[in-house]
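Given the structure of chain S, go ahead and fit chains W and Y onto it with the hints provided.
Protein chains in written order, with my numbering: chain S, 1 to 255; chain W, 1 to 308; chain Y, 1 to 440.
Simulated from the structure, these hints should not be mistaken for lab results. Each residue gets a CB set at the ideal place from its N, CA and C atoms; glycine is no exception. Among the clues, some could well be false.
What the hints assert, rightly or not - Calculated pairs, DSS-like style, for lysine-lysine (alpha carbon to alpha carbon, straight line, at most 25 Å):
{"hint": "1", "chain 1": "Y", "residue 1": "K419", "chain 2": "S", "residue 2": "K110"}
{"hint": "2", "chain 1": "S", "residue 1": "K93", "chain 2": "S", "residue 2": "K140"}
{"hint": "3", "chain 1": "Y", "residue 1": "K419", "chain 2": "S", "residue 2": "K119"}
{"hint": "4", "chain 1": "S", "residue 1": "K71", "chain 2": "W", "residue 2": "K302"}
{"hint": "5", "chain 1": "S", "residue 1": "K129", "chain 2": "Y", "residue 2": "K419"}
{"hint": "6", "chain 1": "S", "residue 1": "K129", "chain 2": "S", "residue 2": "K110"}
Claimed, not checked - Listed next, the stretches of chain S that the computed footprint assigns to chain Y, with coverage defined by at least 3 CB atoms under 8 Å from CB atoms of chain Y:
{"hint": "7", "segment": "24–36"}
{"hint": "8", "segment": "63–75"}
{"hint": "9", "segment": "85–99"}
{"hint": "10", "segment": "106–119"}
{"hint": "11", "segment": "145–154"}
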Amino acid sequence: MSECLLEVSDLSMRFGGLLAVDQMALKIRPGEIVSMIGPNGAGKTTVFNCLTGFYRASGGSIQYKNQAIEKMPGYKIARLGVVRTFQNVRLFKGMTVLENLLVAQHRHLKTGLLAGLFKTPGYRKSEEKAMERAEFWLEKVGLTEFANREAGNLAYGQQRRLGIARCMVTQPELLMLDEPAAGLNPNETAELDKLISDLRRDHGVTVLLIEHDMKLVMDISDRIYVINQGRPLASGVPEDIRNNPEVIKAYLGEG
Amino acid sequence: MPESFFYFIQQLLNGLTVGSTYALIAIGYTMVYGIIGMINFAHGEIYMIGSYIAFAVLAALAMMGIDSVSLMLISAFVISIIITSTYGFAVERVAYRPLRNSNRLIALISAIGMSIFLQNYVRLAQGSRDIAMPSMISGGWTFGPEDGFHATVSYMQLIIFVVTFISMTALTLFISRSKMGRACRACAEDLGMTGLLGINTNQIISITFVIGAALAAVAGVLLGMYYGVINPYIGFMAGLKAFTAAVLGGIGSIPGAVLGGLILGVTEAFTAGYFSSEYKDVVAFSLLVLILLFRPTGILGKPEVEKV
Amino acid sequence: MKSLRFTPAILSTVVLLVLTSLMLGIRLEPSGVGLKVTMAETSSLYWIAAGAVVVFFFQLFRAPIDRGMSGIKQQLPSVPKEPLRQIADKKGFKTTLICFAVAGLMIWPFFVSRGAVDLATLALIYVMLGLGLNIVVGLAGLLDLGYVGFYAVGAYSYALLNQYLGLDFWSSLVLGGVLAAFFGFVLGFPVLRLRGDYLAIVTLGFGEIIRILLNNWTSITGGPNGISQIPKPSLFGLEFGRRAKEEGNVPFHEFFGIDYSSTYKVIFLYILAVLLVIATLFVINRLLRMPIGRAWEALREDDIACRSLGLNPTAIKLSAFTIGAAFAGFAGTFFAARQGFISPESFTFIESAIILAIVVLGGMGSQVGVILAAVIMTVLPEFAREFQEYRMLMFGLMMVCMMVWRPEGLMPMKRPHIKIKSKKSETESSVKIPSVAESV
Numbered sequence: 001m002s003e004c005l006l007e008v009s010d011l012s013m014r015f016g017g018l019l020a021v022d023q024m025a026l027k028i029r030p031g032e033i034v035s036m037i038g039p040n041g042a043g044k045t046t047v048f049n050c051l052t053g054f055y056r057a058s059g060g061s062i063q064y065k066n067q068a069i070e071k072m073p074g075y076k077i078a079r080l081g082v083v084r085t086f087q088n089v090r091l092f093k094g095m096t097v098l099e100n101l102l103v104a105q106h107r108h109l110k111t112g113l114l115a116g117l118f119k120t121p122g123y124r125k126s127e128e129k130a131m132e133r134a135e136f137w138l139e140k141v142g143l144t145e146f147a148n149r150e151a152g153n154l155a156y157g158q159q160r161r162l163g164i165a166r167c168m169v170t171q172p173e174l175l176m177l178d179e180p181a182a183g184l185n186p187n188e189t190a191e192l193d194k195l196i197s198d199l200r201r202d203h204g205v206t207v208l209l210i211e212h213d214m215k216l217v218m219d220i221s222d223r224i225y226v227i228n229q230g231r232p233l234a235s236g237v238p239e240d241i242r243n244n245p246e247v248i249k250a251y252l253g254e255g
Numbered sequence: 001m002p003e004s005f006f007y008f009i010q011q012l013l014n015g016l017t018v019g020s021t022y023a024l025i026a027i028g029y030t031m032v033y034g035i036i037g038m039i040n041f042a043h044g045e046i047y048m049i050g051s052y053i054a055f056a057v058l059a060a061l062a063m064m065g066i067d068s069v070s071l072m073l074i075s076a077f078v079i080s081i082i083i084t085s086t087y088g089f090a091v092e093r094v095a096y097r098p099l100r101n102s103n104r105l106i107a108l109i110s111a112i113g114m115s116i117f118l119q120n121y122v123r124l125a126q127g128s129r130d131i132a133m134p135s136m137i138s139g140g141w142t143f144g145p146e147d148g149f150h151a152t153v154s155y156m157q158l159i160i161f162v163v164t165f166i167s168m169t170a171l172t173l174f175i176s177r178s179k180m181g182r183a184c185r186a187c188a189e190d191l192g193m194t195g196l197l198g199i200n201t202n203q204i205i206s207i208t209f210v211i212g213a214a215l216a217a218v219a220g221v222l223l224g225m226y227y228g229v230i231n232p233y234i235g236f237m238a239g240l241k242a243f244t245a246a247v248l249g250g251i252g253s254i255p256g257a258v259l260g261g262l263i264l265g266v267t268e269a270f271t272a273g274y275f276s277s278e279y280k281d282v283v284a285f286s287l288l289v290l291i292l293l294f295r296p297t298g299i300l301g302k303p304e305v306e307k308v
Numbered sequence: 001m002k003s004l005r006f007t008p009a010i011l012s013t014v015v016l017l018v019l020t021s022l023m024l025g026i027r028l029e030p031s032g033v034g035l036k037v038t039m040a041e042t043s044s045l046y047w048i049a050a051g052a053v054v055v056f057f058f059q060l061f062r063a064p065i066d067r068g069m070s071g072i073k074q075q076l077p078s079v080p081k082e083p084l085r086q087i088a089d090k091k092g093f094k095t096t097l098i099c100f101a102v103a104g105l106m107i108w109p110f111f112v113s114r115g116a117v118d119l120a121t122l123a124l125i126y127v128m129l130g131l132g133l134n135i136v137v138g139l140a141g142l143l144d145l146g147y148v149g150f151y152a153v154g155a156y157s158y159a160l161l162n163q164y165l166g167l168d169f170w171s172s173l174v175l176g177g178v179l180a181a182f183f184g185f186v187l188g189f190p191v192l193r194l195r196g197d198y199l200a201i202v203t204l205g206f207g208e209i210i211r212i213l214l215n216n217w218t219s220i221t222g223g224p225n226g227i228s229q230i231p232k233p234s235l236f237g238l239e240f241g242r243r244a245k246e247e248g249n250v251p252f253h254e255f256f257g258i259d260y261s262s263t264y265k266v267i268f269l270y271i272l273a274v275l276l277v278i279a280t281l282f283v284i285n286r287l288l289r290m291p292i293g294r295a296w297e298a299l300r301e302d303d304i305a306c307r308s309l310g311l312n313p314t315a316i317k318l319s320a321f322t323i324g325a326a327f328a329g330f331a332g333t334f335f336a337a338r339q340g341f342i343s344p345e346s347f348t349f350i351e352s353a354i355i356l357a358i359v360v361l362g363g364m365g366s367q368v369g370v371i372l373a374a375v376i377m378t379v380l381p382e383f384a385r386e387f388q389e390y391r392m393l394m395f396g397l398m399m400v401c402m403m404v405w406r407p408e409g410l411m412p413m414k415r416p417h418i419k420i421k422s423k424k425s426e427t428e429s430s431v432k433i434p435s436v437a438e439s440v
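In isolation and in its complexed conformation, chain S is listed as follows (with noise of 0.2 Å):
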């Protein structure tokens, strides 16, 4: 329990004369769920940026199980197994449901050229492989009727779980993802919850979450840190950030 998955340490970020985050510490320990709140623009997406390589932070540290990613770019640091989701979804939306779950895996794949133009024993194994796992994580989000369907026609809260099992056929670490709930009706919400709960309990994953929906960061978080400003304002278990007048301050406003 004590190792850390994931330490962040002294995190900045600055855009031209924008200081977007600053200052930002994070620790995950293995088989956390751990939230990030704060109002809108408080610099929580781009945190995730900065931990999933796609913006270079100013400053500070990022070690993923020991290892500094800070300097990393982003296909690397997914390979270590950091998978994210995006607050737009960013589904492959011309490709099938399918095709967007084999897509996922192309690491765990045999891509060798000339294995896949002559079909090798090897190459079909590792497809047969992908097309399993596939259809296990469409049987979990229930997207199975749709396998064959172009992933942009689904319906939003589809698309959401869609992206979810996209990241977890990558077999990831530590799963990070922005605002799951967004746009989704409490029924959805709450079968993302229980979803949520799965992957942790069935399939080891850490996950790292941004939300505003309050209800699913309070039930299912183990421990939540405050953003304000780019800036962390109150970390603690959900009780303590419920109580906490700071935090109560931020998000109603200077009183």
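Just chains W and Y now, kept in the frame of chain S:
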């Protein structure tokens, strides 16, 4: 002073001459790119059309027996600008406006199609052969040793400098002082937002294309008279060169386009003067490739932040 | 009457007249040392008048026409409908169909004129080029405007390898492909991190640089005069000339004891082209269903999502670029062998644009579409000679129209349909949209 000095001066002058016309064309690329973020691939053809119209006007006036050079020049400029601007306007309406919200590549393919269309339209209308016109403005100032190599500024070159300077000044005044110009700058900053503020962005975009085409027409008249020969294929190369100039200076930036045009023109002239004229295009393209690779924002451009 | 719009109609007509007046309406003719302006031929004037009338009425009835167009658009099939797919899915049927098609392609040339076979061979070269560029543009979404450069590399590598090292067609075919791929790799490596439209321009620059170098490196490439007397391919050492060029070789007709006819050569080339196209199709179809093919498309759809899933965009783009270039190299080698003569003239930007037009017309990503488009683009101008002159005009117009009205092409790519093996499971999902679900 040694002859090599005058040789150098001559190359520099030639480079600046061609470079200032590149700058005129490059402004069209840069303004359009600044506002709607697309490469107007057909812009080179617009320049070519400008040249053709100018030749037609000059030839018609000569046939009517008018021999006042200034009258001929002014009418060539005015008529060419009017008609060429109409082309710029029409091209945007037909080929780009319907694609405003689609992918950049789709718009670029449409622009390439438009470029091919215009080139062949002129080829079918006027034939693919070279059309030559005797130069109306001859002579110039020479300086340097009488007997050795001396540098010459022809009057035509002087006209090119002067007209380019006037056009640039007019453009700068328009952009910085007029209401329209302010709207143009606002659009370049944030098109969507400007639209929300009640400015007719379609109109602004049309104006951008018209201004770009008008400047291309000016370049077309000048360069057509300078070289004295035109054909339907000159637009392709000139367009690429001007695009290179725009990228070199930093696409989206008008002073950048001017700077880029001059640098490119001078580089080409030196390549031709000291190395080999066959490779001047290779040098221009290599410059383009290198800039895009190592400094895609050009000399004066603003960096772009990727939106995740 | 509200739907009639007089003002815009009149304005558009005026614009059209301004545009055409000093371009189509007049003709510049050289006279002595000067230049003369004459009225254009009457036919041109009629064209202007006709254009003005069309524009006027089109703008006048714009609203009803638009309504009609959207109706037609809905009726235009997004091609394969369900029943068609079910038939095609029956494996036996599909194989039979393909066998018949190939057999037909092989037998057909023996019954038609030599010219027709020759034209078909040319069309097949464009099919190969179209299929190759389709990987880069249609699948990976990288607009490559210098594709013809790799075609040139293939053609010149055969011509030069043959001239200087005496290599024959078959070994050059392999080497030509490899060399073009190598060029693709080397040129692609630095440029592929550029954004889409910059990439397009840079590749255009590379294509032009290759052409200018070929044009000016006279000592090796013959400059603008090109290279001639490139030998035709042989069939296991049998040549198709009247007499064998090399010592100890037997010409084809002597070997089989038949009369000499140059038709054999043409048919042989044609069959070779068919085989090359079939090989291309086979490879591309496999690639499409391989991880790399899926990654290409994913990259086209969203490269940020790709990175977040651990796909290396540069490596994937590079593979598309390299493989696409290899096909251009094969096509180039074959082109050099068929023509017997090559010069930089054949590798201008316009050629790249034609190949791009084929991909665009066919439908990005769609192979059947690209084949059809290549055939239409090469065969149509030959059927109507007067059409030849308007060919490029039409290409340009078509590219614009396709982008505006149907950017997905005439025959958009269909997604592979993969059967899910596992037990039919009722989803526990609470969200169901029955009406859409049924149409899938």
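Status of the hints after comparison with the structure:
Simply put, K419 (chain Y) and K110 (chain S) have alpha-carbon atoms about 21 Å apart, close enough for the 25 Å limit, and the pair holds. For the suggested pair K93 (chain S) and K140 (chain S), the alpha carbons sit about 21 Å apart, so the restraint of at most 25 Å is met. With a CA separation close to 19 Å, the supplied pair K419 (chain Y) and K119 (chain S) stays within the 25 Å bound. As the CA atoms of K71 (chain S) and K302 (chain W) are separated by approximately 24 Å, the hinted pair is consistent with the 25 Å bound.
Distance restraint check for K129 (chain S) and K419 (chain Y): the Cα-Cα separation of roughly 15 Å lies within the 25 Å cut-off, and the hinted pair is therefore satisfied. A C-alpha spacing of about 11 Å is found between K129 (chain S) and K110 (chain S), which places the hinted pair at or below 25 Å, so the restraint holds. Evaluation of the coverage hint for the segment 24–36 of chain S: breached, as 0 residues show C-beta separations to chain Y shorter than 8 Å, against a requirement of three. Counting residues of the segment 63–75 of chain S whose C-beta sits closer than 8 Å to any C-beta of chain Y gives 3, which meets the bar of three, so the coverage hint holds.
Check on the segment 85–99 of chain S: 10 of its residues sit with their Cβ under 8 Å from a Cβ of chain Y, so the three-residue criterion for coverage holds. Figure legend: the segment 106–119 of chain S, annotated as covered by chain Y; annotation consistent (9 residues with Cβ-Cβ distances under 8 Å, at least 3 required). By the rule of at least three residues with a Cβ nearer than 8 Å to a Cβ of chain Y, the coverage given for the segment 145–154 of chain S holds, with 7 such residues.
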